[in-house]
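Take the given structure of chain E and dock chain L to it, following the hints.
Chains as they are written, first to last, in the working numbering: chain E, 1 to 397; chain L, 1 to 172.
Hints in this document: simulated from the structure, not taken from any laboratory. It is possible that some hints are incorrect.
Said to hold, decoys possible - Residues of chain L clear of chain E, computed beta-carbon distances all greater than 12 Å:
1. N2
2. S51
3. T147
What the hints assert, rightly or not - Okay, the calculated bits of chain E under chain L, using three or more residues with CB under 8 Å as the criterion:
4. 68-81
5. 298-312
Said to hold, decoys possible - Pulled a few chain L residues facing chain E out of the computed Cβ check, cut under 10 Å:
6. L14
7. L19
8. G30
9. I37
10. T56
11. L139
12. G149
13. F157
Quantities reported herein were computed from a predicted structural model and do not represent experimental measurements. Where a beta carbon is used, it is the ideal one built from N, C-alpha and C, also for glycine.
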Amino acid sequence: MGPLVPDIISANLNYIVALLIGICFGAILEQAGFSTSKKLVGLFYGYDFTVLRVFFTAGIVAMVGVMGLIHFGLLDINLVYINPTFVWSAIIGGIIMGAGFIIGGFCPGTSICAAAIGKIDAMIFILGSLVGVLIFAEGYSLFEPLYKAANLGNPRIFETLNISQNLFAFLMVSVALIAFYFVTLIESKVNKREVVFVKLSRENGLIILSGALLLIFSLLFTDRKADLLNLVNDDNFVKNYSIDEITPDEFAFRLVCENCERMQIIDFRNKKEYDKWSLPRSTHFTVDNLFEKEPNLFLKIKGSIKVFVANKEITEKKAAIIARRLGYKRIMILKGGLDEFNKEILQFEPIAKPQNIKEINLNRFRLQVKEEINRLIKENKPKGPVEKKQKRALGGC
Amino acid sequence: MNETKYMNPYLAGLLLGILLLTTIYITGRGLGASGAIKSFTVATVEAIAQSHTSSTKFYQEYSKEHQGTSPLMNWLVFEIVGVLIGAFLSGLVSNRLNLKFEKGPNATRNARLIGAFLGGVLWGIGSQLGRGCTSGAALSGMAVMSTGGILTMICIFGGAYGFAYFFRKLWL
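Chain E extracted, bound-state conformation:
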């Protein structure tokens, strides 16, 4: 599961990755024509919309791609840098950059490309941008109130607008495709050319096909988490779903058994209850953890069964269904939940007058494991929640 940094790709190797990504970035920008200011500002006077085409194509491809990675469980979005939202500084900063774009003819990335192939105006622009940062740094006390005002955290646009992720993506892709069509008309008009877009060539066919595919994917790549949570919301569905169960007696036996197959206990009660008492070697989990990268590794440990426990069996079952759907194997639930386990084992009252050998054995077994497990619980220091050392990547500027 991505991101691959820092566990699969180390922090140091990441610098090499940065260099390689940069080389591709620079080459693509230069090949697209972003190394000349005349082409860049063409967008704002209607004679050349290259920037709009490249920028929006890249934006929608990456956006739908990110949705796809999340949909197929290949990326933990909680570890990805989401640019924070400081409303006023985003707006005013953006407008200042807009002015800089039209006055300077570049943006920082493109100025570096242009300077690399020898554009002197770009080198002057870069010099200016260094001075700009310096002005911001030295005048920080003046900028700071604006810089830090109206902090909304790291919301994502569909949350802010309160619409589904797919709807937003669909609208965004549609707007981009419609814009591509109209800017071609505008371009032809401004440059007093015949409209060339309508010509049906193989190239145009491919572009239209790709656009249609992006539109379809923007609807198909649903948020897997929302889907699964929705699925287990249906009580009937959950009831009819079959998940392997482990009986309280078997569970108790395994808790005290030393040579049995390894058992991982995953506790889905809330943190407060878990902190009060917990089973030996159990790990605290939330349903959210099931979708995250590091908890993920924990559930992938081979050669052990994973028993999901919670007070109510239905809670266990919901979590187990999600885990199964996410592809985890050997998931079991504790029959009757911890409520039943408490009653049958931890607070077992022996049958007063056992009638037959079966009841005598039951009394004997349960009294023994009751004492043993209660001792283990007392000695047990909760392991706490599943380990999550990785933090969101640091990005932005």
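Just chain L, lined up with the frame of chain E:
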């Protein structure tokens, strides 16, 4: 030799989108540019006036965020060095390498000179306020659907359209 034609913009966009997606998948962060300029500025000021950086709030906050390392040991700095190499190689392959001062057909040399410098200054300030530029805030923000990133994107392009009329003599 003549310059090679530019790439089809949709193809370039597709490649750029795939690159950005790969970057997010590998590193958990997007592309950027202005962050490297910031690192470079901080490193320069640090080298010239050490006592100044340790007593000024902006630099203090910067070193707190990027603890223990030189400002140049930064992901974006490496990326931007890559951009320089990549663009240079691309220019070399397509015969576009030459020292050239570019300006609009009716703009004077001085106007373009001042414009380029002033535009850079505005980007320097604006990208700090916006916490990123066209790459770091607008493009990468759009890919991860960040509200702030998309807001900044709208304001950059909206702002440029708004000001375009007043500076038409520079370009048309």
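Consistency of the hints with the structure:
| no. | hint | in the structure |
| --- | --- | --- |
| 1 | N2 | 15 Å, holds |
| 2 | S51 | 15 Å, holds |
| 3 | T147 | 4 Å, violated |
| 4 | 68-81 | holds (count 7) |
| 5 | 298-312 | violated (count 0) |
| 6 | L14 | 6 Å, holds |
| 7 | L19 | 5 Å, holds |
| 8 | G30 | 6 Å, holds |
| 9 | I37 | 5 Å, holds |
| 10 | T56 | 7 Å, holds |
| 11 | L139 | 6 Å, holds |
| 12 | G149 | 4 Å, holds |
| 13 | F157 | 7 Å, holds |
This entry does not satisfy hints 3, 5, going by the numbered hints stated previously.
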